[in-house]
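First to last, the protein sequences are chains A and B. Using this note's numbering, the letters of the first sequence map in sequence onto residues 1 to 353. Using this note's numbering, the letters of the second sequence map in sequence onto residues 1 to 353.
Bear in mind the hints are in silico, worked out from the structure with no lab data behind them. Predicted, not measured: the structure shown is a model, and the values here were computed from it. Beta carbons are placed, not taken as given, at the ideal position from N, Cα and C, and that holds for glycine. Treat each hint with caution, since some may be false.
Here are some, though not all, of the chain A residues that point toward chain B, as calculated from beta-carbon distances under 7 Å [claimed, not checked]: (1) 23; (2) 69; (3) 80; (4) 113; (5) 119; (6) 122; (7) 263.
Anything over 12 Å on all C-beta distances counts as not near chain B; from chain A, calculated [as the list claims (entries may be wrong)]: (8) 176; (9) 297; (10) 323; (11) 334.
Protein chains: 2
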Amino acid sequence: MAEKTNSLAQLSCPTSLPAKDTIVLGHGSGGRLSAELMRSIFLPAFENPVLARLDDQAIITVNGTRLAFTTDSFVVKPLFFPGGDIGSLAVHGTVNDLAMGGAKPLFLSAAFIIEEGLSIAVLRRVVDSLRSAARNAGVEIVTGDTKVVEKGSGDELFINTTGIGIVPDDLELSADRARPGDKVLLSGSIGEHGIAILAQREGLEFECPVESDSAPLHTLVADMLTVSREIRCMRDPTRGGVSSTLNEIAEQSRVGIQLEESSIPIREEVRGACEMLGLDPLYVANEGKLVAIVAPDAADAILETMRRHPLGGNARIIGAVFESSSPIVTIRTELGTSRIVDMLAGDQLPRIC
Amino acid sequence: MAEKTNSLAQLSCPTSLPAKDTIVLGHGSGGRLSAELMRSIFLPAFENPVLARLDDQAIITVNGTRLAFTTDSFVVKPLFFPGGDIGSLAVHGTVNDLAMGGAKPLFLSAAFIIEEGLSIAVLRRVVDSLRSAARNAGVEIVTGDTKVVEKGSGDELFINTTGIGIVPDDLELSADRARPGDKVLLSGSIGEHGIAILAQREGLEFECPVESDSAPLHTLVADMLTVSREIRCMRDPTRGGVSSTLNEIAEQSRVGIQLEESSIPIREEVRGACEMLGLDPLYVANEGKLVAIVAPDAADAILETMRRHPLGGNARIIGAVFESSSPIVTIRTELGTSRIVDMLAGDQLPRIC
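Chain A extracted, bound-state conformation (with noise of 0.2 Å):
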């Protein structure tokens, strides 16, 4: 696994080794690094129970009601990919994020970091683009901000979205609420955010070309929560993949999880261009899929209903819960043996997101 992604890390980005006291493309990854500075910087400066529980957004409680809020800057490269660009996907990842927490998305700001010499016309594409996103997914861009620094100081256009939403009083899902037995669901096909940017940016061809997945997850959230309750947590495997996602999970619940690899979809082109770029799919980003922990007796239900909804048409069972006195993640492969699926260890694909 670590050569496969540094093969990659070479393809895209030939760096100098990382000093220790700088930061390195790899803190943005999602991986091992990014939990590195987040345990070693952030936690302790902002150290709150909301922030603490690491999910992906912030549970909080404003005169009764309980509200999701939750920040994602933008700094995907290039602004337009097959499947997506910057302003589609600033409102999905958001909206994402609030419907990982059982969040019904309300309300979002937006704030564009422009550099100087930025085409109006590409501004516009991007800004019509996220409005249309927006208005697909039912939620109201309601302020924003934009700062212009100058040619050399930016790239293209960052974009920053911060999402309100609205939870049941009810519902409480967290990372940390996995259990031996739960089973593990995934909502489709994985790795084709990522592959379809790399394809685009290194000018790569495939006889059947790779689109992004981005994609809103809230409805589908919304039918699995009508059917049940008994969900733990919800994830969408972006940075790092569905490895990261999980291992975060098998953390912070102190649990192991066992994935069986027959089970996992990934379409033949993708998997053709991981073999190729010598890539592991389950470290390969994804934008418009979900991964559910979820009680063993409920699972077959939400399946059902993951599978009647137009983005979890492919949804499957990966894997389950085990008990494991240190958290781990391992793969039972189609050849019968076991390996285990660490963290991401560095950076493997810059700005996918």
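Take the given structure of chain A and dock chain B to it, following the hints.
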């Protein structure tokens, strides 16, 4: 005025003539170009009544609770300056935008875009400052995000903070509520933030160094609202300074505003620096001052209250609102003549916040 502005633009950022179809630094200045971008791109795209109010914060209602919601990205250069840094500024800026809507600030998100190679010690210093500022302002950082971009694709560190506050039920503050006869209050001396940044950036040395006035204004606002609800609107005159803020209010309320130059407090060092640099202090950014438009019969009581607050000791009535067929801001100079105070035309001082 235009000439003065241009002379600084040349001093701080010699750029070629802006093409009409690309983004220039002035689009981020908070002046006329920013307003044009807002009107031509963002407002039409996101048309909704909340955004169209063009206030510093959105007021949204969730489950019957009125929330203020505001976002700001901070790209200030340098990261550290006399009187503050990007961390404290990121808290004060967003707290103030909430406060200007009369909200009690409660929660902030913090999202970091870090340029590869930033020293972790610098990041830690900024995060510590952000933490202290949040604690002092009584707000909690409950959610965050970190992205890393390649060296040369950013500029050390950009921070977005987005804030949520709670607004009293019976309070309506908005820039379209100024009425002829209203008084214009200013909480203290102007121009300190902009001059502190500029001095630091350009290596200018003054006998008495100018410090940024960066400060959280929400307790000052709370005091003002306790004494009277006859406040029409409040604004913190940041980018574009007092002139741009008052022009926006005049525009949205369809009124004229007349200022008295002799009433506007300006510290001697700031006045001297502005003269030396060919700047008009009315256009220089503040980060710890507010402008309030208040009903005439409430002005004295509000002023008295402001003066008892540590951040309002130098508060003044600086002008009044008058009926006008077209929105205009004028100033009666100390010589007794009158001139128009237009909106900032180009880019005065980029990356001030």
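Evaluation of the provided hints:
no.: 1; hint: 23; in the structure: holds (5 Å)
no.: 2; hint: 69; in the structure: holds (6 Å)
no.: 3; hint: 80; in the structure: violated (17 Å)
no.: 4; hint: 113; in the structure: holds (5 Å)
no.: 5; hint: 119; in the structure: holds (6 Å)
no.: 6; hint: 122; in the structure: violated (9 Å)
no.: 7; hint: 263; in the structure: violated (31 Å)
no.: 8; hint: 176; in the structure: holds (17 Å)
no.: 9; hint: 297; in the structure: holds (33 Å)
no.: 10; hint: 323; in the structure: holds (31 Å)
no.: 11; hint: 334; in the structure: holds (35 Å)
In this structure, the earlier hints numbered 3, 6, 7 are contradicted, and the remaining ones agree with it.
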